[in-house]
Amino acid sequence: MKNNRYDIEMLSAYLDGELSPKEKFYIEEKIKSSLELQRKLDELKKLKAITSEAKPDLTESYYFEARLMASLNSSESKSEKIKKWIPAFTFTSLAVALIFVLSLNPSFLMNIIEQQKGNLADFYKSNLKPLLYAANLTSEDIFNFALYEELPLDPSNTQTLKLSYDQTGKEFFEIRQNTEKKAQNNLQNFVAALELNESEQKQMDSLLKIYSEKISAQVLVNDKNAIAINPNIWNLRKAVLADILSFARKHGNENFQKIAPVGNIPSFDKNVVWLERVKTTSPKDFIICTPDTVFSAELNFDMAQLNSEMKKVAEEMKQVADEKKKQQLVFNFKIDSSLAGLKDKIKSDKNFRVFVHNNGVQVHLQEINIPEVDLPNFDSIASIISEATRNFTVVSVGSPELPEVPETRNFVIKKEGTLNTSLRNREVNIDSVIEENNKRIEINNKKRQSSNRIYNDSSLNEVKTMVDSLIIKQNEELKRQIEQLRKEIEKFRQDLQNLNNRQKIEEYEEIIKLLEEQIEI
Amino acid sequence: MNSDNKKEDMEQPKILTLDDDFSLIKQFIDGDDNAFKVLVNRHKEKVRNIIYLTLMEPDVIDDIAQDVFITVFKNLKHFRFESQFTTWLYRITVNKCKDYLRKKNVRKIFSPIKDEEEDIASFRINEDPDIKEIVRNAISKLPDKLRIPLVLRDMEGFSYQEIAETLNCEIGTVKSRIFRAREALKKILEPLEKELFV
Chain A
24 MKNNRYDIEM
34 LSAYLDGELS
44 PKEKFYIEEK
54 IKSSLELQRK
64 LDELKKLKAI
74 TSEAKPDLTE
84 SYYFEARLMA
94 SLNSSESKSE
104 KIKKWIPAFT
114 FTSLAVALIF
124 VLSLNPSFLM
134 NIIEQQKGNL
144 ADFYKSNLKP
154 LLYAANLTSE
164 DIFNFALYEE
174 LPLDPSNTQT
184 LKLSYDQTGK
194 EFFEIRQNTE
204 KKAQNNLQNF
214 VAALELNESE
224 QKQMDSLLKI
234 YSEKISAQVL
244 VNDKNAIAIN
254 PNIWNLRKAV
264 LADILSFARK
274 HGNENFQKIA
284 PVGNIPSFDK
294 NVVWLERVKT
304 TSPKDFIICT
314 PDTVFSAELN
324 FDMAQLNSEM
334 KKVAEEMKQV
344 ADEKKKQQLV
354 FNFKIDSSLA
364 GLKDKIKSDK
374 NFRVFVHNNG
384 VQVHLQEINI
394 PEVDLPNFDS
404 IASIISEATR
414 NFTVVSVGSP
424 ELPEVPETRN
434 FVIKKEGTLN
444 TSLRNREVNI
454 DSVIEENNKR
464 IEINNKKRQS
474 SNRIYNDSSL
484 NEVKTMVDSL
494 IIKQNEELKR
504 QIEQLRKEIE
514 KFRQDLQNLN
524 NRQKIEEYEE
534 IIKLLEEQIE
544 I
Chain B
13 MNSDNKKEDM
23 EQPKILTLDD
33 DFSLIKQFID
43 GDDNAFKVLV
53 NRHKEKVRNI
63 IYLTLMEPDV
73 IDDIAQDVFI
83 TVFKNLKHFR
93 FESQFTTWLY
103 RITVNKCKDY
113 LRKKNVRKIF
123 SPIKDEEEDI
133 ASFRINEDPD
143 IKEIVRNAIS
153 KLPDKLRIPL
163 VLRDMEGFSY
173 QEIAETLNCE
183 IGTVKSRIFR
193 AREALKKILE
203 PLEKELFV
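As they're listed, the protein sequences go chains A and B. Taking our numbering, I'd label the letters of the first sequence as residues 24 to 544. Taking our numbering, I'd label the letters of the second sequence as residues 13 to 210.
Just so you know, these hints were derived from the structure itself, not from any lab. Owing to the predicted nature of the structure, the values given are computational and were not obtained by experimental measurement. We put the beta carbon where it would ideally sit given N, CA and C, even for glycine. Check before you lean on any hint, since a few could be wrong.
Listed below are several chain A residues computed to face chain B (Cβ distance under 7 Å; list not exhaustive) [stated by the list, open to error]:
(1) E41
(2) R62
(3) L70
(4) L81
So the derived label-pair ranges between C-beta atoms look like this [as the list claims (entries may be wrong)]:
(5) A:P79 - B:S95: 25 to 31 Å
(6) B:R119 - A:F112: 21 to 27 Å
(7) B:I143 - A:S94: 21 to 27 Å
(8) A:P79 - B:K120: 21 to 27 Å
(9) B:D44 - A:Y49: 50 to 56 Å
(10) B:N46 - A:P79: 29 to 35 Å
(11) B:D142 - A:K45: 38 to 44 Å
(12) A:S94 - B:D142: 33 to 39 Å
(13) A:I109 - B:I143: 53 to 59 Å
(14) A:L81 - B:K115: 55 to 61 Å
(15) B:D45 - A:E76: 38 to 44 Å
(16) B:H90 - A:N134: 37 to 43 Å
(17) B:V72 - A:N142: 56 to 62 Å
(18) A:A111 - B:D142: 43 to 49 Å
In isolation and in its complexed conformation, chain B is listed as follows (with noise of 0.2 Å):
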């Protein structure tokens, strides 16, 4: 009886639980919806910094971080295993991100003009200004097309390659658009040189 239970030990070898995330999409695929729990507990906080990074926006963040992973839920089924599950969970980020601002600029077509140009300097009138603050707020003022690159470069240490990827363009391009990016950045902070650049 013993030896028979020993055999039965010897013959059922023990199943390796692989976590990297092809084998969780795997294990997704076959049934197991914990799999893409796991998928989303490793992957939300930086799905949520690259909405805030990209939006600037605190309340949308976790609106649109579940729209994303209900999005990725859908699709995870159709995933090809060709590119890691980052660079393919990053462009919906991305995506969404884009899809949101451009609602807003459609709300914006007919909702009443502000005036939105704000002076970086009067940060100065604070006697206590949270440089942070005022470099996010220069950076919010950045057209999409630079702002997305750069704060994924600067912020997120995303490679130019990752970048690339993910905004589904040219190495070349990321390369121009972050330094485009730095440039107008510099001249929106130019007012706050010596207190920033000292």
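Pulled out of the complex, with its shape left as it was, chain A reads as follows (with noise of 0.2 Å):
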């Protein structure tokens, strides 16, 4: 058989001429002695000949030297060609370099990312000085950031600083534009509600001067409109209203009873100056917001040295009158078009949830915890303290300054005679000192009406409650009054029986019937 196939496969080559004269001797033999070779080289040539025949018939190609000239005119030189793959393998060559480099330090590409965000926050870091020295804190600030969490960010007391809690107690804070000016004489309305002397009020203003210094340092920005909040402030917050009504209870006596009529303010030691306790927490990491980001970030700085270039600052601005140059001292932050984007840039933030409004920026604090101070619980007492601003306020306009009048009005009351009475030494027209009183509570009533208009629908309703026990509030301080009123002329009239002129005596009877009369009404 296998004779056989290497015969036939001789008999493939002798077909085409091409075997040698003795294989060709040798297979002719073979094919005269074999029917089989003999039919199989017939098929063969059948074969052969319809596949010969089968050949194509080309047609001409037109112009194929012409086009195969262009084409080599044309044709790319090898500098041309490489030139055309240096691209493909610059970014081969970086892959494959990246992909090594990250073999072998996998934490690569987080390193730079960590690197870049520390050179960010580097970047916003620089030169950051307290603001609030530009604000010029007044003693009156700091006891409206007690009472209201509220601080001016600059002189003219257009910017804002508002500290705050959200409906789950997680700390926020917001910068915002003031529209509104807000009720001024807080602090001299309580000192005159607990009625405190000179020396106390020294003291009172000593305290909220500490304060003061200790605040401004924790707000600072510079020149790339990036402000750093320390988070301790709102633990400074807490402890400068603690220091306020300790100091209240301490001094006021009975007058801070009338303040706090609800009930007592808790009773914390009222010897703890809260402030030493916040002084011994002092965290580094600030809370900085740029027009790019919001972060928390240490900052690290002399504390002394800055509070020593900051009192340069703050006495260079006392000797420069004009205040564009004042302006130039110190930096300001601008809330500007700029801070708009932080919501978009800083949506997934899990420390920070910034919102941001016409007015200004509010940013939720997440994940940043506010340091643990040993401060009294406002929380609790929150509406105890809240009652409490409100009256010290009415307890300050309830009691004016009574108008003179001249004698030659009904109803006056001279001096002279023992009258031991608050209306000793005055002429008073009572008319028109409830006239008076009547204009002045309906004013602040006013004022506070608009220094407290909110937007929100859940504010708007605790305004109107507000609003509402305040009338009802200063209704009762008028009866109050009043009834002491009454308590005088009683006074005034155990008096006048000691007189012995008659005709006097029956006068003043007759005016203290009409004063009667003019109370009922």
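Hints given; two lone chains; assemble the complex.
Printed below as a string of structure tokens:
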């Protein structure tokens, strides 16, 4: 069989004329003696014939040479080919290098990102200076901060920093434009309500001044419109409130009771200076709010040196009269359109949630913890404090300066005799007193309503309730004063009985009667 | 004056224009691009035929032929004159065809699977069967290794020696492959034996 196949293969070459003479002789001999080989040869001949005939007739290719020459002229040189592959080669090399580096150091990219974050943080952290020196905080400002959690960020009080707590009790701060002026003289009213003497007033002032310096260093700004806030400011606010209340209770005596009629402020130790407790905790991590991001970063600087520098600035500012030059000495934080992008930029940040509105920016602290300091729990007595802050305003409003009236008017009490009343040494027109008092109450009500205007529904309800309770409180106060006036008249009457002048007595009796009628009305 | 002219004619013998391949190549190397054009013109149809017979795809003939001559143009200066120009040219042609087939096979891997098994017998349905077409179709079914030596031999009339040089293999291999190609072709055409071999 093998020989047979060899013969057939030789038969194929024989047909093509490719055998040597010896092979040719061999196969021809075989063909003569083998019918099968003869038949096979016949088949191969036919196959070869049809294969040869199957050769296609190709149509001529026109312009073949012309096309070829054009291709040759436009064909790229080697250098051009290399140039074409350079970008691909470069990218491939970079990819391979990156894979290699990442396989050796998987945290490579993360390190770069962290480094870039650090660089960004450094950029915004540089040159931070206390903002509140610029605001030139007064005792009134600190007092308002304690009570209303708001700090002015500039001398003209156009921007404020508001500290607050959300529904879950987490802290948030808000930097906003002041569209309305707040009621002023709260501290003055408070002092008047407590009837503090001069020395006590000085003590109060010095207490607030210490806080003023301390609070000033908690809010820093720089020329990149970055603002850094130390989380300890929430504690400082609690401390200053605690110290003010302690002071009020210590020095205000029964007047303090008037301020807090709903119930006493819980008995935290009134001898403790709460500032000292807050001083011991000074977190280095500031919350830094920039036009690009909000982040928490450690700020290390020499506070003593900074303070001395700032004192210099403050002194310079005192010497410079021109307001514009004053502004140049310090940085100002500007709420501008660049902050509007913050909302989108840090949407997914776990530490902060940012709300940007027309009037400013709200930054809610999510994962950032305020350092825990042993301070009175103001949350539980928030309502009492709220009541107290309203009360001292009412008390001060209810003790007006009594107007001087000419003797020619009716119902005149002359400055003579041994009268031992608050009306002594005064000529009072009761009509005008009551009228004046009512006017003041009305004006103050309006002021308070406008200053407390808040925009959401729940707050609006709260304000309504507050205004209602205020009116009730004022009416009560008026009643109390009328009652006091009655007592005075009674005393006056008793004093009159000691007088010998009958005609005078009758005259005063008539006046008293009229006074009583007026009170009834 | 006239005698001087005659002298010059005597001293400057006429340059014979050699049109064999080697001479043309030398002229090309000496900077005569026209010599290359003559070479192209002389061999283009053979090259195109080989491409067609090797690939059985009329659409790609000219592109591959252009590619062949571009390669020849770029490498002609390095021609060693050790073998015939045609042997070198056909080897380049076959190699270009093989490159094309290789790329085509790679493309096939990524293209949807098609049923390529066409029954040769289906040509019977045609009322006027073109026997040449049937045979070419049958040849195209042969593996490259068998098809190329067969077509070079039976269609282009290459000797076994030329085929061996073009395909860069032994004569014995060529002999064996041509025999196997014929055996395979016969088997493919078996259903049409009566029509074809009468």
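To see whether the hints hold, each was checked on the structure:
1. E41: Holds: closest Cβ of chain B sits about 5 Å from E41 (chain A), inside 7 Å.
2. R62: 12 Å, violated
3. L70: For L70 (chain A), the interface hint holds, since the closest Cβ of chain B sits about 6 Å away, which is under 7 Å.
4. L81: 6 Å, holds
5. A:P79 - B:S95: 25 to 31 Å: 28 Å, holds
6. B:R119 - A:F112: 21 to 27 Å: Once the Cβ atoms are compared, 24 Å apart, the range 21 to 27 Å for F112 (chain A) and R119 (chain B) holds.
7. B:I143 - A:S94: 21 to 27 Å: Roughly 38 Å apart at Cβ, these two residues miss the hinted range, so it is violated.
8. A:P79 - B:K120: 21 to 27 Å: 24 Å, holds
9. B:D44 - A:Y49: 50 to 56 Å: 52 Å, holds
10. B:N46 - A:P79: 29 to 35 Å: 31 Å, holds
11. B:D142 - A:K45: 38 to 44 Å: 42 Å, holds
12. A:S94 - B:D142: 33 to 39 Å: 35 Å, holds
13. A:I109 - B:I143: 53 to 59 Å: 55 Å, holds
14. A:L81 - B:K115: 55 to 61 Å: At roughly 23 Å between Cβ atoms, K115 (chain B) and L81 (chain A) fall outside 55 to 61 Å, so the hint is violated.
15. B:D45 - A:E76: 38 to 44 Å: For D45 (chain B) and E76 (chain A) the Cβ distance comes to about 39 Å; the hint holds.
16. B:H90 - A:N134: 37 to 43 Å: Once the Cβ atoms are compared, 54 Å apart, the range 37 to 43 Å for N134 (chain A) and H90 (chain B) is violated.
17. B:V72 - A:N142: 56 to 62 Å: 58 Å, holds
18. A:A111 - B:D142: 43 to 49 Å: 48 Å, holds
In the structure shown, a violation is registered for the earlier hints numbered 2, 7, 14, 16, in ascending order.
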